[in-house]
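Trainee: Below, each chain spelled out in residue letters.
Number of protein chains: 2
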Amino acid sequence: MPRVSDSFHDRLRESWRRSDSALCVGLDPRLDRVPAHFKGVSDPLFAFCREIVDATADLVCAFKPQFAYFAAERAETQLEALIAYIHREHPGVPVILDAKRNDIGSTAEQYARELFDRYGADAATVNPYLGWDSVAPYADYDGRGVVVLCLTSNPDSAWLQDHPANDPTYLRVADMAAENDRGNLLLVVGATFPEQLGRVRERAPALPFLVPGVGAQGGDVGAVFAHGLDAEGAGLVVSASRSIIYAGEGEGFADAARRTAQDLRDEMRRARDAATRAMP
Amino acid sequence: MPRVSDSFHDRLRESWRRSDSALCVGLDPRLDRVPAHFKGVSDPLFAFCREIVDATADLVCAFKPQFAYFAAERAETQLEALIAYIHREHPGVPVILDAKRNDIGSTAEQYARELFDRYGADAATVNPYLGWDSVAPYADYDGRGVVVLCLTSNPDSAWLQDHPANDPTYLRVADMAAENDRGNLLLVVGATFPEQLGRVRERAPALPFLVPGVGAQGGDVGAVFAHGLDAEGAGLVVSASRSIIYAGEGEGFADAARRTAQDLRDEMRRARDAATRAMP
Numbered sequence: 001m002p003r004v005s006d007s008f009h010d011r012l013r014e015s016w017r018r019s020d021s022a023l024c025v026g027l028d029p030r031l032d033r034v035p036a037h038f039k040g041v042s043d044p045l046f047a048f049c050r051e052i053v054d055a056t057a058d059l060v061c062a063f064k065p066q067f068a069y070f071a072a073e074r075a076e077t078q079l080e081a082l083i084a085y086i087h088r089e090h091p092g093v094p095v096i097l098d099a100k101r102n103d104i105g106s107t108a109e110q111y112a113r114e115l116f117d118r119y120g121a122d123a124a125t126v127n128p129y130l131g132w133d134s135v136a137p138y139a140d141y142d143g144r145g146v147v148v149l150c151l152t153s154n155p156d157s158a159w160l161q162d163h164p165a166n167d168p169t170y171l172r173v174a175d176m177a178a179e180n181d182r183g184n185l186l187l188v189v190g191a192t193f194p195e196q197l198g199r200v201r202e203r204a205p206a207l208p209f210l211v212p213g214v215g216a217q218g219g220d221v222g223a224v225f226a227h228g229l230d231a232e233g234a235g236l237v238v239s240a241s242r243s244i245i246y247a248g249e250g251e252g253f254a255d256a257a258r259r260t261a262q263d264l265r266d267e268m269r270r271a272r273d274a275a276t277r278a279m280p
Numbered sequence: 001m002p003r004v005s006d007s008f009h010d011r012l013r014e015s016w017r018r019s020d021s022a023l024c025v026g027l028d029p030r031l032d033r034v035p036a037h038f039k040g041v042s043d044p045l046f047a048f049c050r051e052i053v054d055a056t057a058d059l060v061c062a063f064k065p066q067f068a069y070f071a072a073e074r075a076e077t078q079l080e081a082l083i084a085y086i087h088r089e090h091p092g093v094p095v096i097l098d099a100k101r102n103d104i105g106s107t108a109e110q111y112a113r114e115l116f117d118r119y120g121a122d123a124a125t126v127n128p129y130l131g132w133d134s135v136a137p138y139a140d141y142d143g144r145g146v147v148v149l150c151l152t153s154n155p156d157s158a159w160l161q162d163h164p165a166n167d168p169t170y171l172r173v174a175d176m177a178a179e180n181d182r183g184n185l186l187l188v189v190g191a192t193f194p195e196q197l198g199r200v201r202e203r204a205p206a207l208p209f210l211v212p213g214v215g216a217q218g219g220d221v222g223a224v225f226a227h228g229l230d231a232e233g234a235g236l237v238v239s240a241s242r243s244i245i246y247a248g249e250g251e252g253f254a255d256a257a258r259r260t261a262q263d264l265r266d267e268m269r270r271a272r273d274a275a276t277r278a279m280p
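Sequence order for the protein chains is A and B.
If you read the first sequence in the numbering used here, its first letter stands for residue 1, the second for the next number, and so on.
If you read the second sequence in the numbering used here, its first letter stands for residue 1, the second for the next number, and so on.
Okay, chain A solo, but in the shape it has when bound:
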């Protein structure tokens, strides 16, 4: 178990060192897409994800369960069980709970209790629309990571986040996080916007980035590492969900997930090494 005094950044660095991987497997289990043999069990989302976790834990620097898929199925207890399972069976692999919560301060405190105390997440994604006073209650949890949405991977994100052109919101969010970091803040920057990823890296040189959007959303791994690496050749948690967890069907789904995860991890290693060699 990690020492309580370790910051989330310390624990993430340790996970990068041990795994030599930037891959984060996103756990987005849809009941209508899990293999048929799970559909009769009482906890199909947990049972499906557990096999994905066991098949890929040595290949990843983090797991990222997506709250919405559990909430839509009334499966909060399966999400609790999944996070507890990862902590017990794969200690040292951080769990980033992707819930994109937020609210004003007194209510944000309740969400922080939910995500960190109830679910036991090591880190959680948080929406910055309400400003720093809404993010602070999460950041006050010692040892937990707070992953602030900066530039998301979806097509319409630029409308608000990359506006106005001369002082865009996503760079202001990056500045806010860099100024308030105590070894616990990260930024979400989509792989679908590699040039902007480079600009965020300039503004927040010491923050790790959670990068969604490779795999099903089409982001380019080489461009992510070329623009997003930090000065130490690290700093990236690159998540893929659907392309891995639904890589195969039927009984062989976990093996197919492992093969796809391994290929993606290896592609990221090559991209990282190429980008590191190109560094000035």
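Simulated from the structure, these hints should not be mistaken for laboratory data.
Take the hints with a grain of salt, since some may be wrong.
All copies of an identical chain are treated as equivalent in the list; a pair is satisfied when it fits inside any one copy or across any two copies.
Calculated pairs, SDA-like style, for lysine to any residue (alpha carbon to alpha carbon, straight line, at most 25 Å) [what the hints assert, rightly or not]:
| hint | residue 1 | residue 2 |
| --- | --- | --- |
| 1 | Lys39 | Glu76 |
| 2 | Lys39 | Thr77 |
| 3 | Lys39 | Glu109 |
| 4 | Lys39 | Gly250 |
| 5 | Lys39 | Asp117 |
Given chain A, put chain B in place with the hints provided.
Mentor: Just chain B now, kept in the frame of chain A:
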């Protein structure tokens, strides 16, 4: 029961007409603040809120349960029961589930299922940081309301929402909602910024506003109605939570909540009438 073909705006207008009230009681039950006699029961949050609801239902145009307070206590089933109770015992009073969710489109669909199908909310609050493609999955639910955060009531909200000065994000959000409305969109505009409330009203003349921030947060009721009413002298859902639900302690808490809600409803009626008389 409302006809399925009614839009959320239609149902809200009917609720305003019947109640002659702009008051929305926010249900933010904290386990450490409910009267002592609830602490031994198996469903204290539900039991407390049910009494508040029964004591105030004829005084309000809507109820607004806050998801965070239930989630922090592992009380999703109590939240489900509360919303079902309001629908059954006080039909026609819309329930706005305040969860401030959002995510990219395919995940937002899961949240929409959670909020509307699982919890049965008539409307839900949604965060616009990810752009319209993340709001659309909620707006595609016929008859349900989508309450988009525009300018929130907390101190740090202006940092992102009221920036840049010549084309602030909150007015762009108001434009986005006005353009996409099909009788189902609302905007959150905090009572703590009455002048900006007036600017949002100019940009979105036909949208109802959910206005938090009177009561414990200090927003002025008179200013809210002077700046926020629509051309028909309506358009406002003004929510108060802590100042009502914790108005009294012990056995008399529901009576105290009713008296405070009645006073606030009456103050809003006077403010509305004064603002209507002042209209050009």
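Trainee: Determine for every hint whether it applies to the structure shown.
Mentor: A quick look at each hint next to the structure:
Taking the shortest alpha-carbon separations for Lys39 and Glu76, both the intra-copy value of 17 Å and the inter-copy value of 23 Å come in at or below 25 Å. In the homo-oligomer, the alpha carbons of Lys39 and Thr77 lie at most 25 Å apart both inside one protomer (17 Å) and across protomers (23 Å), since each shortest distance falls under that limit. For the identical chains of this complex, Lys39 and Glu109 are inter-copy neighbours only, at 21 Å across copies versus 36 Å inside a copy, given an alpha-carbon limit of 25 Å. Taking identical chains as interchangeable, the C-alpha atoms of Lys39 and Gly250 lie at most 25 Å apart only when both belong to the same chain, with a minimum of 12 Å there against 48 Å between chains.
Taking the shortest Cα distances, Lys39 and Asp117 sit within 25 Å of each other only across copies (21 Å), while inside one copy they are farther apart (30 Å).
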